[in-house]
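Sequence order for the protein chains is W and G. Residue numbers for the first sequence follow the working numbering, so the first one is 1 and each next one is one higher. Residue numbers for the second sequence follow the working numbering, so the first one is 1001 and each next one is one higher.
If you are wondering where the hints come from, they were derived from the structure by calculation, not from laboratory data. A quick note: this is a predicted structure, and the numbers were derived from the prediction, not measured. Take these hints with a grain of salt, some might be off.
Footprint (simulated), chain G over chain W, 3 or more residues, beta carbon under 8 Å [unchecked claim]:
id : segment
1  : 11 to 17
2  : 21 to 30
3  : 107 to 119
Label pairs and their computed distance ranges (CB to CB) [as the list claims (entries may be wrong)]:
id : chain 1 : residue 1 : chain 2 : residue 2 : range
4  : W       : 149       : G       : 1024      : 38 to 48 Å
5  : W       : 166       : G       : 1040      : 13 to 23 Å
6  : G       : 1109      : W       : 9         : 18 to 28 Å
7  : W       : 32        : G       : 1073      : 38 to 48 Å
Positions of the beta carbon are idealized from the N, C-alpha and C atoms, including for glycine.
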Amino acid sequence: MDDLHSWPERIAEREGDYLTPDDLQDLIRYSLSFQERLELYQVLQQQELTWIQKVLQQQEHPSTTVGSPIVTALHGSNPARGGAGGAEPSLTPAQRLLARQLAFCLRSLGLSLLIGDPLPLRQWTCGVMERHLGVPTALQQLQAVVQGSLPADQQGLLAPYWQELQAVCATSQAQSPSPSSSEIEVDLPTVPPERALTLAEMFV
Amino acid sequence: MNSKVAELMHQSEGRYLRPDELKTLHAYVEGIPRRVRLYQVLQAKEQELLDRVMEKFQPMMPDLTRQHGRLAWERCRRDLSMVWRYCCMAMLLNDEDYLRDKLLYWLETILKSFKMRDQCQPAYKLMLDSLTYSFGAEESEMIRPYLLLAKSMLVN
């Protein structure tokens, strides 16, 4: 995995001293790659809707037609683009929420890519993972959809940021409360396993 | 990342950057290679600059060791070096706030509490005057605003 370093952390580590030659080289490399980053950032912005629609379709909600209502859901979460949000009859609340969370993660990913710093991913997406159980799986689907839509050079540029996002997912999941082994041993013989909730049921 | 970019990042949580924000970021990033090049020159010639400053400053303060102990000159040079390095970092980041927040507010308090402002004043003037001897016009021009800021907060 390519290690992404946060610039504020690097600068803090070298406070009162000079940045290392490696840091300076990284800074120049970042600067020289900015145009590519900007172009890819704009692709993410333009394709966000299409990609999230595909993920929602892959989430298999046969009773739902995923179409234009997602536009309102996403615009409602993006003050820069306007839009008022509100009820969409053909999206379940769970889908609407998931769409917004995926957009939030994709925008954080894009900003990290653009500024060459993993901080937005680390700071912002962690809470999303902890609050919404379906997001990690949907994010894997989103990653496959996005990477599958990009040419090889853009895939390569974005890959470390997906890895960072997966690392945030893994950390968040590891921090989620889980029953201890002794609790499982006690509960299993007497309590039948509960039916797993669907994504929709979880958020309604 | 300088404080403007950090602010931009925090303001844009959950959305895409607007064109004017992208322009701000682009302008900052575009200047990075030049700033890195200048930063490397400023770093390489720190000793030369400080040697020159100390050489001229010491005769101006014959009682410094008697007043502040045998390590006074060593500490003086250490402090000037620290100010220089923070100025260089601030120049690299294109960020005066970095210099203020990370060093000057703190050092200003120290100098005031030890009543050292008047004594240190000539050293900062010498640093500014020595820029053109150690550096070319471009390096001097880029670092001067940060040194002036340091001088104005620490000893003026």
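Outcome of the hint check:
Figure legend: the segment 11 to 17 of chain W, annotated as covered by chain G; annotation consistent (5 residues with Cβ-Cβ distances under 8 Å, at least 3 required). Counting residues of the segment 21 to 30 of chain W whose CB lies closer than 8 Å to any CB of chain G gives 4, so the stated coverage by that chain holds, three being the minimum. Residues of the segment 107 to 119 of chain W with a Cβ under 8 Å from some Cβ of chain G number 8, which satisfies the need for three, so the listed coverage holds. At roughly 29 Å, the beta-carbon separation of residue 149(W) and residue 1024(G) lies outside the given 38 to 48 Å, and the hint is violated.
Taken as a hint, the range 13 to 23 Å is violated for the pair residue 166(W) and residue 1040(G), whose Cβ atoms sit roughly 36 Å apart. Between residue 1109(G) and residue 9(W) the CB atoms are about 26 Å apart, so this pair conforms to the stated range of 18 to 28 Å. In this structure, residue 32(W) and residue 1073(G) meet the distance hint of 38 to 48 Å, their C-beta atoms being roughly 44 Å apart.
Hints 4 and 5, counting from the list given before, are not met by this structure.
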